[in-house]
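Chemist: Using the sequences and the accompanying hints, generate a full structural model.
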Amino acid sequence: MTNSFGEFADAKTIMVIGSNMTEAHPVAASFIKNAVTKGAELIVVDPRRHRLVDFATTHIPLKVGSDIAFLNGLMHVLIEENIYNKEFVSSFCAGFDELKAKVKTYTPEYSSTICGIDPEIIRQLARRLAAAQPAMVCYTLGITEHTCGKNNVMSVANLQMLLGNLGKPYAGVNPLRGQNNVQGACDMGALPNVFPGYQAVTNPDMRLKFETAWKVKNLPDKVGLMIPQMMDGLVNKKVRGFYIFGENLANTEPDIKKVEHELASAEFLVCQDIFPTETTRFAHVVLPAAAWSENDGTFANSERRVSRVRTATAPPGLAMPNWWIFKQIAKRFGQNWEADSAQDLWDNEISKLAPNIGGIKYSRIEKNGLQWPCPTEDHPGTPFLHKEGRFTSGLGKFNPVDWTPPAEVPDEEYPFVLSTGRRLYHYHTRTQTGRCEGLNGLLGEETADISPEDATMLGIADKEMIKVASRRGEVIVKANVTQEVPKGLVWMAFHFRENNANWLTNPAFDPDTLTAEYKACAVKLSRIC
Amino acid sequence: MDMVKLTIDGKEVLSQMNNTILQAAQGAGIKIPTLCYHERLNPIGSCRLCVVEIEGYDNPVTSCTTPVAEGISVKTNSDRLFRMRQEVLKLLLVNHPLDCPICDKAGVCALQDLVFEYKVTNAEYLAPKKKQDSLYATSLIRYWPDRCILCLRCVTACNEIKGVRALSVINEEGAQRLSVDQEKCVSCGECLQVCPTGALTENLSPIKGRSWNVKKVPTTCTYCGCGCQLELNVFDNQIVGVTCKDDAGINRGSLCVKGRFGYEFISNDQRLTKPLIKKNGVFHEAGWEEALTLVAEKFSKIRKENGSDAIGGLTSARCTNEDNYLFQKFMRGVIGTNNLDHCARL
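Top to bottom, those sequences are chains A and B.
For the first sequence, the numbering used here assigns the number 44 to the initial residue and increments by one for each residue that follows.
For the second sequence, the numbering used here assigns the number 2 to the initial residue and increments by one for each residue that follows.
Calculated directly from the structure, the hints in this document are not laboratory data.
Predicted model only: the values in this text are computed from it and were never measured.
Ideal Cβ positions, reconstructed from N, Cα and C, are used throughout, including at glycine.
Zero decoy hints are in this set.
Beta-carbon label-pair distances, calculated as ranges:
{"#": "1", "chain 1": "B", "residue 1": "Ile171", "chain 2": "A", "residue 2": "Arg353", "range": "38 to 44 Å"}
{"#": "2", "chain 1": "B", "residue 1": "Val62", "chain 2": "A", "residue 2": "Asp421", "range": "44 to 50 Å"}
{"#": "3", "chain 1": "B", "residue 1": "Glu88", "chain 2": "A", "residue 2": "Glu409", "range": "40 to 46 Å"}
{"#": "4", "chain 1": "B", "residue 1": "Trp213", "chain 2": "A", "residue 2": "Asp387", "range": "30 to 36 Å"}
Anything over 12 Å on all C-beta distances counts as not near chain B; from chain A, calculated:
{"#": "5", "residue": "Tyr153"}
{"#": "6", "residue": "Gln176"}
{"#": "7", "residue": "Pro398"}
{"#": "8", "residue": "Glu456"}
Modeler: Shown next as structure tokens:
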């Protein structure tokens, strides 16, 4: 997030796009509700009428995968009516002419043919956003989990730059991150192209820096493989040894049948986890790890805040902390890593190697976390980025993009769109929440959420077991007939194994980020009796 | 912000004009007893414990709902105020059983502390009262109508903090009690968090350590990317509950259902407790030495025969920065590959 959670409750205008916040980020959603109570305008852009819509001034029920057409439509109006933030754009941005040329064709009338939103509503909304200074945009995976995910993000950023909604409080481009430490994992260089602190592996100076710090030679200089490429590699034998640490790929990746074939193809698979999972079945060696409350360390949240995690209980049996396991394996390769505690590792190694977190030390985050960039020990941390229009790379660059449809769209055989996500009472594949009796008691099974119109058309009764099938597979699942879902859409989650949405989802990926299109594929529905 | 000057217990106090007398007193370090007042909520004014006297006025006022004014002189303690507060507490005890020995809240109960402080030694007024059974507000939260002092903190928190509006007070057979709209309730437990007595208790942990035996360990929530701050309540090496400091972290003392009630997995008996090695398709338990040596040997062999890039690793957005750092250090600095990724796109 460019901005902070602390700003939500006092924001004046908030646009939430592709985010079922009340279920996936409930505490953040409560701050947005607080803002609405104080009079803020809330615009929810989402195909579903989810619970946050109850608090919204405006709901824009656009069609699945039409975000760019809608956002380009808004920008068309802002430029056409000359109501964009000219001062911000001329002072701090580059590429305006290209943006103008690109969105010229996206008249509200044309956008409307793609996104299904009335042209007049697009015009009115653009005018309201122009009048609101500033406005905050929040999004989640409804933006990123598309084959055009990267372009969707670019579009959101284009809109906020055009409105001048960056570099100040109550504004910004704010992706709410799904996992507790997904921000931190990226910050720590758990990616194929960067060392900790986003320092490129292709840069010889950076390699030299880490070679010196780690006392090793010849760190690899080419960018590595991303998850889908590694999974392909298991089958074509480019990847033979595979180490999976704290992930349950067999349920989380699109097209479970394909994923399981890939995992079964591994020559040697190590899984390190706290529970046996659908993924550990394929392992050759399973290593038992200490869990969240059994380990010291830090997490970085969506707003770049590094906070402490503390040991509360001892791990069961022979289970050991992850850092101990990695250190022991490294030792068997002849490397003796010095750090012997999380604090030692952070204070004396990590924070010294990653400049943007250089000023964060355990002694400074005992009570409250600190938000990076925090380069020095006297730096107070950074609640919002790009202050006064100072972008990291000089000028903020517009990246104009065209709308592209999802990789698989409904046809005669598979006439419904399946979109997937998360529900309030469970977390991902239930490795943890499935072992919480209280939470299981609140939600014990998956449903396929469908509209009353479609239920009537197909003769499906509420709570009846139905079959949902795609080109990849099929599941038997309980129908949940609800006004939340528009006609033509089926909505499911991936919390339960048996009727996991990922038996159906399409392994089509954004060409740059390789994020899978979990939000759109084609399915058919049928009664089973 | 305009400031006003007033006197509280003879001490000159400077306060913002829109503050209440209670806030001004708290700002000056002067303690006024409260039950229904909660920092995170708008004043409720239901319990009348925070009464104070203002010079020149006959009747005491509730300090939580009375704004400050220039030049007023406030007294927070007097024999009359003591007796009034004592009376309030005695009346509350008409409806509140002294079942402290079996109450989860014992030791951290605001009512218990006040009853002790105001020297109420027994329940003087006995109203004929039918004992009411405890009820389930949700399957995770238990409601004890007998213990409820109807302070309305829970109802106010559900409305103001969470915007859920699932709670209300209803009349039933002449008695008032809390009512939960099951359609609206999302089991976030905000009501539990703000309840000053044991009227709402957590219904999850089979083991409940007494409050003074429970160690509270502050940490960051393990679920979504909000990064809420919470306290793990630990008794005998087991997590027996999750609480929250009122002002803590980005969540400002608030949690969701997963953060507050999603801790049972830690002590689940399906946890992996020993390294496992698969032989002929079946897992066998092993010691660390055997398992780690096997992993090192296999990866060495693959690296030797097919190169470093024939090995890949997935790290976890569920684990700490330190664990992620070491895993990438292992893949890059030990194995020698950048084939390294995690579930950032999920």
